Amino acid sequence: MATLGRACLILSLLVAAYGLAAGIAAWRLKRRDLAESARRAVYALAALLTIAMAIVEVAFIRNDFSFVVVASHSSRTTPEQFKLAAMWSSQEGSLLLWAWLLSLWSSLVLFLTRKRMRDVAPVATAVLSGFATFFVALLVFAASPFQTVAVAPEDGTGLNPLLRHAAMLIHPPMLYSGYTLFAIPFAFAVGALAVRRIDADWITATRRFALAAWLFLGIGIVLGARWSYAELGWGGYWAWDPVENASLLPWLTGTAFLHSVMIQEKRGMLKVWNVSLVLATGILAILGTFLVRSGVLDSIHAFGASTLGGPFVALIVALIVLSIWLVASRAAMLRSEHRLDSLVSREAIFLFNNLVFVGLAFVVFFGTFFPLITEALGNKRALGPPWFDRITTPLALVLVALAGIAPLIAWRRATVANLRRNFAVPVGVGVAVAVALIAAGGVAQKPFSLTMFALAAFVVAGVAQEAWRGTRARRAMSGEAPPLALVSLVRRNRRRYGGYVVHLGIALLFCGVAASSAFQHERDVRLRPGQSAHVGHYDVTYLAPIGRVARKDGRIERIMLGARLAVGTHGAKDRHVIEPTRSYYPQDAPFAPVSAMFDGETETQVQLESGLRRDFWVAVEPDVPTLLLPRARYFDRQLVKAISDGRLKSADEQVLAFNQLLQRLVDEYVAERPAAPFRVIDSPMVTWIWLGGLVVFLGGLISLWPGADAARRRVTAGYAARVARELGRA
Amino acid sequence: MGVLEALIVLLLLAAIVWVVGAPLRRGVTAAADDAEQAAREELEAAKEAKYREIRDAELDRGTGKLSDEDWRVVDRQLRAEAMEILRRLDALGAPAAPPPGPGD
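Respectively, the protein sequence lines represent chains A and B.
Heads up: the first sequence begins at 1 in this note's numbering, then just goes up one per residue.
Heads up: the second sequence begins at 1001 in this note's numbering, then just goes up one per residue.
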């Protein structure tokens, strides 16, 4: 099957290269047959890469360790559901996923636009095929998932334990869908600029893809944060890590684009800004993919140093040069058709929000690449989370304020009377929440958090007021019952009300961030069995150490060392027992088989109790260097000596002895009742972050839902008749 | 490469050549009316955007963001712009039927 997979990749490369060449030829020669053929090449590419994906997935499921990628990223003990996801934990598997998703989305957009934009589509096809050519070439020449060995090992090294988390099943596909979907507006923007067709049609044709990209990337980012919080054992959800930042950058510019694009659609303004944003977003999506692979920046998420950095840098430089040339050479055509009517209008608010989003993206970009910049200047330094927090917090406050203001202001121009009428209640609610929080105590010392809560209340009140007034207006027109009127209102104005729901989710999410950052209690404590600690609202008592050896099919899967803790609210008698643990996985180390357990991959099983008000989070890290390693090394010597003396002849005997020594190591750890270090966190409102993410997701779905087209056409038809009548009278 | 795998690859290659090459076998098709179609699509997009703007203004009026007086001014202007777009669309004449093609 590996040979068939390799053949599929080679055919994919040929087909993608053909799509690139035929697309360019169709554009230059104005040949529709070539354009059609290039489009079909993209469909063929999707089919071929689907076969390649299926072959790799089947190899993972069948434990076919003759595939190098399977042997190095899976094992017989890897849980079945994670075998499916193990593919994209590898460099080559994730590249294949990227190329496959790109081919699917490209096929979809080219199918949907097959009767439209006949001048732009060939160039867009060429650009999308160009991306595919690049990624498939990497798969063929540099990182093939179909590399095999003549003699398959008995077992694989297994999936990185940190990746054995439910979020990891869908986090990479979501991120990659976001990245690859952003290639579509990029490709159509290049096409529109290339053929000098700078109207809003390319935006209309690809707006849903930009929205889907934004939505998928956002889901991917939130899932990554959730994984970090629940799995990585440090207790946070966002560390301003380069790879996290890399995914945030296109999301920020993409968000700016989704707002400013409405101004171009409505008013023919901001054309240069929009094409620049969409080109920058496409390039940042490639940069994000590059950062995970290049190893140029230290990150906990990266695949480590690889040889793919050079080609990616070349691609990014080429894209930047192409983008700048296209925008500069078409500058005269990109002039705005109108000017801002008023600075107190929704257009102006969107413009301001764009500046903040781009400013935020610039800050994140600068902070992320600061180590490279300072290294080039001879003194490598990095900017940590405090720097990011200091700069981004005020910008986040401004964004939440704008998320509240924008729905309350009319397009074109707002008057003082309108402003008073629309802002009175939401501002009143925001101020009331601020006063109530100050009166309740404890919040006034945290001005940023207090401001965020007040602004979030302002956003929620504003959206609620909009929904209420819209429903009332709808009822006045249709006489529907209130719930039905609300549904009709949203259904007929999905884009507007979907956006409002997104604003609601963002407000909830930032409330969670503000509360959990400012009011978190975190302690690193070292406890002996019987000792207690008080952290925030909780009392924790270390009852006893625990240890387990987990086996699957007779093999050691991992050993787990941890603690049994009694936890309860501070001062309360009711307690319940929890068991945080840390797992250690075996490695192939013939001369130090026992101690190698502690040199290899580890996984923290955090005990997390989530609630709407607060989360209790605890992790343990058994004292490996002083307690366990010396004993493990002693067992190593015993085992190696027994093998060299010929006392353990067969492999089965050696495995049995190894298993017994590990069991003894664990039993002795439990019997000794050693002290253990714990990280205990009492963090308020973290759940609001995940709930906010869900609400954002819901709002995105409302905006994206395809039924909107049908509704729009019906309404539009009504308007068309009306405008046509007036035209007839004119 | 085994015989079966070689056969599958050959079949894939033949299918790709067949499907991708089909438009070329029908002969050269010049995109003569692309400019007119582009102009029409541009105007259609502008018309849709204008109607959306008219609807948004109505909703803004319904939710109190625009007074009746302000709305009348905005609405009149938007409708005038919509009529201009319709005039330009009419001037282009009826759209040509899209050329047939597999996959269309």
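Honestly, the hints are just simulated from the structure, not real lab data.
Take these hints with a grain of salt, some might be off.
As the list claims (entries may be wrong) - Here are a few chain A residues that face chain B, going by a calculated C-beta distance under 7 Å:
| hint | residue |
| --- | --- |
| 1 | 40 |
| 2 | 57 |
| 3 | 112 |
| 4 | 116 |
| 5 | 164 |
| 6 | 200 |
| 7 | 204 |
| 8 | 207 |
| 9 | 374 |
| 10 | 375 |
| 11 | 376 |
| 12 | 379 |
| 13 | 381 |
| 14 | 420 |
| 15 | 469 |
What the hints assert, rightly or not - List of simulated lysine to any residue pairs, SDA-like, C-alpha gap at most 20 Å:
| hint | chain 1 | residue 1 | chain 2 | residue 2 |
| --- | --- | --- | --- | --- |
| 16 | A | 115 | B | 1075 |
| 17 | A | 30 | B | 1022 |
| 18 | A | 446 | A | 374 |
| 19 | A | 641 | A | 589 |
| 20 | A | 115 | A | 232 |
| 21 | A | 641 | A | 624 |
| 22 | A | 30 | B | 1035 |
| 23 | A | 552 | A | 588 |
| 24 | A | 30 | B | 1011 |
| 25 | A | 115 | B | 1015 |
This one's a predicted model, so the numbers in the text were calculated from it and none came from an experiment.
Using N, Cα and C, we set each Cβ at its ideal position, and we do this for glycine too.
Hints not upheld, ascending by number: 2, 3, 5, 8, 9, 10, 11, 12, 13, 14, 16, 18, 20, 21, 24, 25
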